[in-house]
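S.K.: What follows is each chain in one-letter form.
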Amino acid sequence: MKLLKIPGASLLLVGVVLFVLRGPLYGIPAIGGMLRTMATILAGFGIIGGGYLLLRAVTGMGR
Amino acid sequence: MASKTPVTAPVTLTNIDSSSWEHQTDRAALGALQQIPGFDTLLKKVVGIFGEKNIATIYQAAAVKVGPTQYPSIHESLVKVCAVLDTDVPPLYISQTPLVNAGAVGMDNPFIVLNSSLIELMGPAEIEAVLGHEVGHIMSEHSLYRTLLFLILDFSAPSMPIVGQAILPIMLALQEWSRKAEISCDRAGLLATQNLDAAMAMHAIMAGGIRGRIDELDIDAFIEQSDEYREATGLTAYYRMMATIGRSHPFPVIRVAELRNWVDSGDYAAIVGGEYRQRGDARPVMDDVKDAGREFSDRAAKVFEDSDRYVNDALLNFINAAKDRFDGTSTSV
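Protein sequence lines correspond, in order, to chains A and B. So the first sequence is numbered by the working numbering: it starts at 2 and just counts up by one. So the second sequence is numbered by the working numbering: it starts at 28 and just counts up by one.
None of these hints come from the bench; they were simulated from the model. Keep in mind that the hints are not guaranteed to be accurate.
Unchecked claim - Stretch by stretch, here's where chain B covers chain A in the computed footprint (C-beta under 8 Å, at least three residues): (1) 11-22; (2) 51-57.
To be verified - Listed next, the in silico DSSO-like pairs over lysine-lysine satisfying Cα-Cα at most 27 Å (straight line): (3) B/Lys350 - A/Lys6; (4) B/Lys329 - A/Lys6; (5) A/Lys3 - B/Lys329; (6) B/Lys350 - A/Lys3; (7) B/Lys92 - B/Lys72; (8) B/Lys80 - B/Lys92; (9) B/Lys350 - B/Lys329; (10) B/Lys329 - B/Lys317; (11) B/Lys350 - B/Lys317.
Said to hold, decoys possible - To spell it out: a stretch of chain B is covered by chain A in this simulated footprint if at least three of its residues, at any positions, have a beta carbon under 8 Å from a beta carbon of chain A; those stretches are: (12) 323-333; (13) 338-350.
Note that the Cβ used here is the ideal one computed from N, Cα and C, for glycine as well.
Given these sequences and hints, build the entire structure.
M.R.: Structure below.
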């Protein structure tokens, strides 16, 4: 719970989880391709955004 | 929809340079493109040969050219707007079209087109705001790059799928610039009329004006609607971003909000008070690029922060609900 209070941690966590789930999602018949594309876009957003906020909180850059 | 602010004669902005009101992203993009040697000239030649003359001929043939004896009140409005912005009066055509719209066309000999339905819906003050907006496009020389955007949109994506994908980032960047160019020219429209109610009413009418019922249009309610849209968070904010990304024009509610922000920032009052850049006072392009970069970075950080907050709330709610279910206790956060 404490971990989630760090800025960007939640977004990064969701991004990483979605990135890991890309493979299994692709296995779903008929809509797997679409789900994987959506998961990739959202995972990218989560990892970049969460990573940026986390880095900013740690280093103070961009403030 | 009566005007709430007292309307006084607008102040003439002698020798004003368009960079005084241009949005920093618009200015940076235009400045960067103008730095490429020969790019402007080449593009002007290509577009001039294939587009401008052709379009000008069509309007000359199929629309009505406004003048001192042809729709004199509209001509007078155009002359007034150009006098306030201290610029030449461009040719103006009225085109019989049901779509409520207007445009500035051409580079070497630019002209303005107003659709007849726009004139039917709007009062003289709103028409002046539209004319000021279009004169702003001409003064900022937006036509060249807008034409480039429309050429890319028309020819690349539908006809050549692979090329379309390859130039997608360029297209999205041009669309982002185009949206900022519209915001710049909304400011020009406001400066030309110096009537904020009319400048905002113009957007409300474009969004959903009904012929014969314009007096029922409530600008304050439209401003509230604009605030509601801007304050959206979470998934709504994501959908809002996705709906905007491929558009050449910002949504009317965003344009109203941007106009109000600009007025609140004090920049509008400063210009009307005489503090503006004169033609010939060049500002280093890199300063504009730095300003634009800072603005993009702030916007991206805000999107990330909003998304993080939304995901955080969702995760904590999920964890609390799971705890409640398994051991009947709830953790306060």
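S.K.: Given the hint that B/Lys80 pairs with B/Lys92, does the C-alpha gap stay at or below 27 Å?
M.R.: Holds. B/Lys80 to B/Lys92 sits at ~16 Å (cutoff 27 Å).
S.K.: Measure nothing beyond the straight line between the CA atoms of B/Lys350 and B/Lys329; if it is 27 Å or shorter, mark the hint as holding.
M.R.: Not OK: B/Lys350 and B/Lys329 at ~31 Å, beyond 27 Å, violated.
S.K.: Mind taking a look at whether chain A covers the segment 323-333 of chain B? Criterion is 3 or more residues with CB to CB distance under 8 Å.
M.R.: holds (count 6)
S.K.: Quickly compare the C-alpha distance for B/Lys350 and B/Lys317 to 27 Å and report which way the hint goes.
M.R.: Violated, because 49 Å separates the two Cα atoms, which is more than 27 Å.
S.K.: Take the segment 338-350 of chain B, compare each residue's beta carbon with every beta carbon of chain A, and decide whether three or more fall closer than 8 Å.
M.R.: holds (count 5)
S.K.: Can you confirm whether the C-alpha distance between B/Lys350 and A/Lys6 stays at or below 27 Å?
M.R.: 18 Å, holds
S.K.: Are B/Lys350 and A/Lys3 close enough, with their CA atoms no more than 27 Å apart?
M.R.: 16 Å, holds
S.K.: Under a C-beta cut-off of less than 8 Å, do 3 or more residues of the segment 11-22 of chain A approach chain B closely enough to confirm the stated coverage?
M.R.: Per the Cβ count (4), the hint holds.
S.K.: Closer than 8 Å, Cβ to Cβ, for at least three residues: run that test on the segment 51-57 of chain A against chain B and report holds or violated.
M.R.: With 4 residues close enough to chain B, the hint holds.
S.K.: Compare the distance between the alpha carbons of A/Lys3 and B/Lys329 with 27 Å, and conclude whether the hinted pair is satisfied.
M.R.: 23 Å, holds
S.K.: Are B/Lys329 and A/Lys6 close enough, with their CA atoms no more than 27 Å apart?
M.R.: With a Cα-Cα distance of about 17 Å, the restraint between B/Lys329 and A/Lys6 holds, given a limit of 27 Å.
S.K.: Would the pair B/Lys329 and B/Lys317 pass a check requiring their Cα atoms to be no farther apart than 27 Å?
M.R.: It holds: about 18 Å lies between the C-alpha atoms, which stays within 27 Å.
The structure shown violates the earlier hints numbered 9 and 11.
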